[in-house]
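Quick note on numbering: the sequence shown equals residues 2 to 39 in the working numbering.
A couple of the hints might just be wrong.
[Claimed, not checked] Restraint ranges, calculated between C-beta atoms of paired labels, are given here:
hint, residue 1, residue 2, range
1, Val12, Ile35, 30 to 36 Å
2, Ser6, Asp37, 46 to 52 Å
3, Ser6, Lys38, 46 to 52 Å
4, Arg14, Ile35, 28 to 34 Å
5, Thr27, Leu7, 46 to 52 Å
FYI, nobody ran anything at the bench for these hints, they're computed from the structure. By construction, the Cβ of each residue, glycine as well, lies at the ideal position given by its N, Cα and C atoms.
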Amino acid sequence: LNDASLFGPYVCRARNSLGVNHAEFTLKGFRMIIRDKP
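Please model the entire structure based on the sequences and the hints provided.
Below is the structure:
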């Protein structure tokens with residue numbers, strides 16, 4: 002339980018940062034797709 006309480010916040014931060022990066026990546030991807038369309 003001690004390990005979970007210690008690593009919990011780090012895992013949450015990692016997931017949060019990954020979620021933000023994934024959102025930015027998808028937004029860039031959609032922009033590229035829109036640009037490629039005539």
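How the hints compare with the structure:
The supplied range of 30 to 36 Å is met by Val12 and Ile35, whose beta-carbon atoms lie about 35 Å from each other. One distance hint, 46 to 52 Å for the beta-carbon pair Ser6 and Asp37, holds here, with the actual separation near 48 Å. Taken as a hint, the range 46 to 52 Å holds for the pair Ser6 and Lys38, whose Cβ atoms sit roughly 49 Å apart. Look at Arg14 against Ile35: about 32 Å separates their beta carbons, and that is inside 28 to 34 Å.
Distance hint check: the CB atoms of Thr27 and Leu7 are about 32 Å apart, inconsistent with the given range 46 to 52 Å.
Violated hint for the displayed structure: number 5, the only one.
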